[in-house]
Amino acid sequence: MKQPVGAKVTELFQAHSAALLLYARQWLDAAGAEDVVQDVFARLLAGDRMPAEPRTWLFRCVRNAAISAWRSSRRRSHREKISAPASWFVHSPEDRLDATLAQEAMRRLPPAQREIVTLRIWSGLTLAEIRDITGLPVSSIHEQYRDALKQIRETLERLCRNSHH
Amino acid sequence: MQEFTPLDEPERELEHSLESLRPEKGAIREQEIWYRAGLRAARRRVNFWRGVAAAVIVLAAGVALLRPGANPVTIDHYVYLPNSPANLSIAQTSGGAPAVPSYLVLRNAVETSGWRAASTPQTEATHDAPKTVTPWPIDPSLERPNRG
Numbered sequence: 060m061k062q063p064v065g066a067k068v069t070e071l072f073q074a075h076s077a078a079l080l081l082y083a084r085q086w087l088d089a090a091g092a093e094d095v096v097q098d099v100f101a102r103l104l105a106g107d108r109m110p111a112e113p114r115t116w117l118f119r120c121v122r123n124a125a126i127s128a129w130r131s132s133r134r135r136s137h138r139e140k141i142s143a144p145a146s147w148f149v150h151s152p153e154d155r156l157d158a159t160l161a162q163e164a165m166r167r168l169p170p171a172q173r174e175i176v177t178l179r180i181w182s183g184l185t186l187a188e189i190r191d192i193t194g195l196p197v198s199s200i201h202e203q204y205r206d207a208l209k210q211i212r213e214t215l216e217r218l219c220r221n222s223h224h
Numbered sequence: 352m353q354e355f356t357p358l359d360e361p362e363r364e365l366e367h368s369l370e371s372l373r374p375e376k377g378a379i380r381e382q383e384i385w386y387r388a389g390l391r392a393a394r395r396r397v398n399f400w401r402g403v404a405a406a407v408i409v410l411a412a413g414v415a416l417l418r419p420g421a422n423p424v425t426i427d428h429y430v431y432l433p434n435s436p437a438n439l440s441i442a443q444t445s446g447g448a449p450a451v452p453s454y455l456v457l458r459n460a461v462e463t464s465g466w467r468a469a470s471t472p473q474t475e476a477t478h479d480a481p482k483t484v485t486p487w488p489i490d491p492s493l494e495r496p497n498r499g
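Note that the protein sequences, when read in sequence, are chains S and D.
Under this note's numbering, the first residue of the first sequence carries the number 60, and numbering increases by one thereafter.
Under this note's numbering, the first residue of the second sequence carries the number 352, and numbering increases by one thereafter.
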């Protein structure tokens, strides 16, 4: 039996809203990212049909909307960056990594690499799905992902050393 | 399928450590999404009916402008004229030329009076005034006696 659109959207919202929000925050502040994610889900809900690949569709729509919003409000975004950035991750004692340090390491990555890492690690997308969203070739995505992991490790080591000193 | 070099152990470990972090859920509410979806759907429906109304107006204006004019109605009238010999008279024209009796007048005269009527002069050429010409021959017995 075919699942109704509303139930499917609720399921997708519960499964992916946090990852989508984190993805949108690569370009926008917290409020802007929430606005974009809500709007994309509303578009999906108001539509008559469910896309063939809803997860990929959601990430692609959030990407386009976030880039568009970022371009139209660069100044505001800049102000937000200067002020204290809001946390990207939930702080928990069970984490194997300090969330603040990880966020800082992520922020220091080039935007393209940061996007790939976000999609791969917190959205659980395959390289082919990332290719469909970003338009980059799979080989380039793989290469940039490895570079990004290397840079994150180096940044974390540096930040840990500094914090110990 | 393309083959890529797999991640080494430190990279894999870092990947797992990063995966353990959970992204913030933010303040997104599901009700807000349903509300926005309703607004979108309503706006789309209104736009649809606006489009229909505009199309009807354009169509009506087009029909009003391009409608062909009404065809002229032709009504035939048949007028029947009585053509008995008694009603026929030919007025002599003012030019002095004798009026020429028509075929019908001559025919009636022949029928009434015989072939003599055809050879009898029926008009008199005068230049004074137009005369009414009788289309049939005059009986000589009825004529006034010549006093001269």
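Hints are not guaranteed to be accurate.
[What the hints assert, rightly or not] Restraint ranges, calculated between C-beta atoms of paired labels, are given here:
(1) S/206 <-> D/405: 51 to 57 Å
(2) D/405 <-> S/159: 55 to 61 Å
(3) S/133 <-> D/391: 24 to 30 Å
[To be verified] Stretch-level coverage of chain D by chain S, calculated; a stretch enters the list once three of its residues show a Cβ under 8 Å from a Cβ in chain S:
(4) 398-408
(5) 417-424
Simulated from the structure, these hints should not be mistaken for laboratory data.
All values reported here derive from a predicted model rather than from experimental measurement.
We put the beta carbon where it would ideally sit given N, CA and C, even for glycine.
Here is what the structure says about each hint:
At roughly 55 Å, the beta-carbon separation of residue 206 of chain S and residue 405 of chain D lies within the given 51 to 57 Å, and the hint holds. Checked against the given bound of 55 to 61 Å, the beta carbons of residue 405 of chain D and residue 159 of chain S, roughly 57 Å apart, stay inside it. One distance hint, 24 to 30 Å for the beta-carbon pair residue 133 of chain S and residue 391 of chain D, holds here, with the actual separation near 27 Å. With a threshold of 8 Å between beta carbons, the proposed coverage of the segment 398-408 of chain D by chain S is violated, since 0 of its residues qualify and at least three are required.
Evaluation of the coverage hint for the segment 417-424 of chain D: breached, as 0 residues show C-beta separations to chain S shorter than 8 Å, against a requirement of three.
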